[in-house]
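Visitor: Respectively, the protein sequence lines represent chains A and B.
Take 1 as the starting number for the first sequence in the working numbering and just add one per residue.
Take 1 as the starting number for the second sequence in the working numbering and just add one per residue.
In case anyone wonders, no lab produced these hints; they're calculated from the structure.
Quick caveat: nothing in here was measured; it's all calculated off a predicted structure.
Treat the hints with care, since some could be wrong.
With the C-beta cut set under 10 Å, the calculated list includes, among others, these residues of chain A facing chain B [what the hints assert, rightly or not]:
1. Ser2
2. Ile47
3. Asn51
4. Phe69
5. Pro70
6. Gly84
7. Ser86
8. Phe90
9. Phe97
Label-pair ranges, simulated between beta-carbon atoms [said to hold, decoys possible]:
10. A:Gly42 / B:Glu15: 24 to 30 Å
11. A:Glu53 / B:Leu48: 44 to 50 Å
12. A:Gly96 / B:Gly97: 39 to 45 Å
13. A:Phe69 / B:Arg50: 36 to 42 Å
Note that the Cβ used here is the ideal one computed from N, Cα and C, for glycine as well.
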Amino acid sequence: DSGVTQTPKHLITATGQRVTLRCSPRSGDLSVYWYQQSLDQGLQFLIHYYNGEERAKGNILERFSAQQFPDLHSELNLSSLELGDSALYFCASSGGFGTGAEYGYTFGSGTRLTVV
Amino acid sequence: AQKVTQAQTEISVVEKEDVTLDCVYETRDTTYYLFWYKQPPSGELVFLIRRNSFDEQNEISGRYSWNFQKSTSSFNFTITASQVVDSAVYFCALKEGGSARQLTFGSGTQLTVLP
Chain A
1 DSGVTQTPKH LITATGQRVT LRCSPRSGDL SVYWYQQSLD QGLQFLIHYY
51 NGEERAKGNI LERFSAQQFP DLHSELNLSS LELGDSALYF CASSGGFGTG
101 AEYGYTFGSG TRLTVV
Chain B
1 AQKVTQAQTE ISVVEKEDVT LDCVYETRDT TYYLFWYKQP PSGELVFLIR
51 RNSFDEQNEI SGRYSWNFQK STSSFNFTIT ASQVVDSAVY FCALKEGGSA
101 RQLTFGSGTQ LTVLP
């Protein structure tokens, strides 16, 4: 157990639907990152939150959004789903800036999303 | 922009052979971090090593060793006496300097160790 919890582990949904993926970071970690792993694009960075604030955006579609809550858990919302959104979505967490733990990225086990 | 290249898409070896996975990176920063992760068939990403750009010392951990060479922008990973359990996809990743904290991953190398 890495300490980063992602739910659900598997999700099957239809095109056009909306889903929410959840991530609980490792205890004490303030940063949460979302990555998408697809066969054609590899592991792509989507978005980074630090202590509730958005810090960086990567190749995240406008149909996707995320937030980090006061208890530091994060949710990734995917809407108007398309077949091409089928992928493994990873959440990672790391420590606070300047703590020396900010570059210790721990990944969750991922949520496998299948859009049919 | 930063880039990580893992030119070997797939490697297949027989158990007990040594195998080296190549990683070449591009960055304009002088301060950066390099990582290796393992993704077994179960799918999770397992951290293996982190190295910062100021530490060019090679590292050995059991059957694993890493060769960091700034002159060639490479951070190669060697598994000695490979085992079937080493079969996985291995990813090299880069975190550049500055305020950005996210990782840029290479495309991964699928290693298959045959019994």
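Visitor: Does the structure break any of the earlier hints, and which numbers would those be?
Guide: Of the numbered hints given earlier, those the structure breaks are 3, 4, 5, 6, 7, 11, 12 and 13, listed in rising order.
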